[in-house]
Amino acid sequence: DAGITQSPRYKITETGRQVTLMCHQTWSHSYMFWYRQDLGHGLRLIYYSAAADITDKGEVPDGYVVSRSKTENFPLTLESATRSQTSVYFCASSQGAGDIDTQYFGPGTRLTVL
Amino acid sequence: AQSVTQLGSHVSVSEGALVLLRCNYSSSVPPYLFWYVQYPNQGLQLLLKYTSAATLVKGINGFEAEFKKSETSFHLTKPSAHMSDAAEYFCAVSDPGSARQLTFGSGTQLTVLP
Chain A
1 DAGITQSPRY
11 KITETGRQVT
21 LMCHQTWSHS
31 YMFWYRQDLG
41 HGLRLIYYSA
51 AADITDKGEV
61 PDGYVVSRSK
71 TENFPLTLES
81 ATRSQTSVYF
91 CASSQGAGDI
101 DTQYFGPGTR
111 LTVL
Chain B
1 AQSVTQLGSH
11 VSVSEGALVL
21 LRCNYSSSVP
31 PYLFWYVQYP
41 NQGLQLLLKY
51 TSAATLVKGI
61 NGFEAEFKKS
71 ETSFHLTKPS
81 AHMSDAAEYF
91 CAVSDPGSAR
101 QLTFGSGTQL
111 TVLP
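One line per chain: the protein sequences are A and B, in this order.
Quick note on numbering: the working numbering labels position 6 of the first sequence as 6, and the sequence is numbered without any gaps.
Quick note on numbering: the working numbering labels position 100 of the second sequence as 100, and the sequence is numbered without any gaps.
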């Protein structure tokens, strides 16, 4: 049971480059989420998806693009990376069975933008 | 907008002592409440969640939390700290009907002293 995986685990890139972070879950969960974690801010929601082809903005969506063509995948793209996007990114998924279903988190991707 | 306050970004306790991590939320409607734990270089793991069935919620690893509506609080406790409890703890809230969006507190780093 692989659960939820993220790739790459570590990424270093340069300002202005496009970067895509991958998230894959094997549970067929309906909901998927992208968060960024910064010191002193906890986790902040970037985008989420309720199902394939349905996505919506979270608290901090600027500079990010998402897509969800398949239920199991939810890639996050930084179209033109900036230093302020240096962070740890977490993907999560939830079953969507009820209002209070649990979100399960991936191991995270540490992104450094030089 | 929903907000979560975790008092104390760093808490130190001796092994065997009581653990108390504080969480207060702001909402006019009782939200759904969660505590997550994050070990170094790992994703977040659910400790417990408030489902409105009971105000005292028991979670994994001996942790529990009590929902107090009058104080808008959901503090996390453990009677006796263990070295393995050293980690970062996050309180999170979700408004009913908010498409499962979680708002996280800024986290509390728990250190357990021998």
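It should be emphasised that the hints constitute simulated quantities derived from the structure, not laboratory data.
For every residue, glycine included, the Cβ atom is placed at its ideal position computed from N, Cα and C.
Honestly, I wouldn't trust all of these hints.
[Stated by the list, open to error] Pairwise CB distance ranges, derived in the manner of DEER restraints: (1) A:T86 - B:A54: 33 to 43 Å; (2) B:K58 - A:E79: 36 to 46 Å; (3) A:H41 - B:E64: 38 to 48 Å.
[What the hints assert, rightly or not] Footprint (simulated), chain B over chain A, 3 or more residues, beta carbon under 8 Å: (4) 43 to 54; (5) 102 to 113.
Hint by hint, here is what the structure shows:
For the pair T86 of chain A and A54 of chain B, the supplied restraint of 33 to 43 Å holds, since their beta-carbon distance comes to about 42 Å. For K58 of chain B paired with E79 of chain A, a C-beta distance near 45 Å keeps the hint of 36 to 46 Å intact. Between H41 of chain A and E64 of chain B the Cβ separation comes to about 27 Å, which falls outside the hinted range of 38 to 48 Å. By the rule of at least three residues with a Cβ nearer than 8 Å to a Cβ of chain B, the coverage given for the segment 43 to 54 of chain A holds, with 5 such residues.
With 7 residues carrying a beta carbon less than 8 Å from a beta carbon of chain B, the segment 102 to 113 of chain A meets the three-residue requirement, and the given coverage holds.
Consistency note: the structure conflicts with earlier hint 3 alone.
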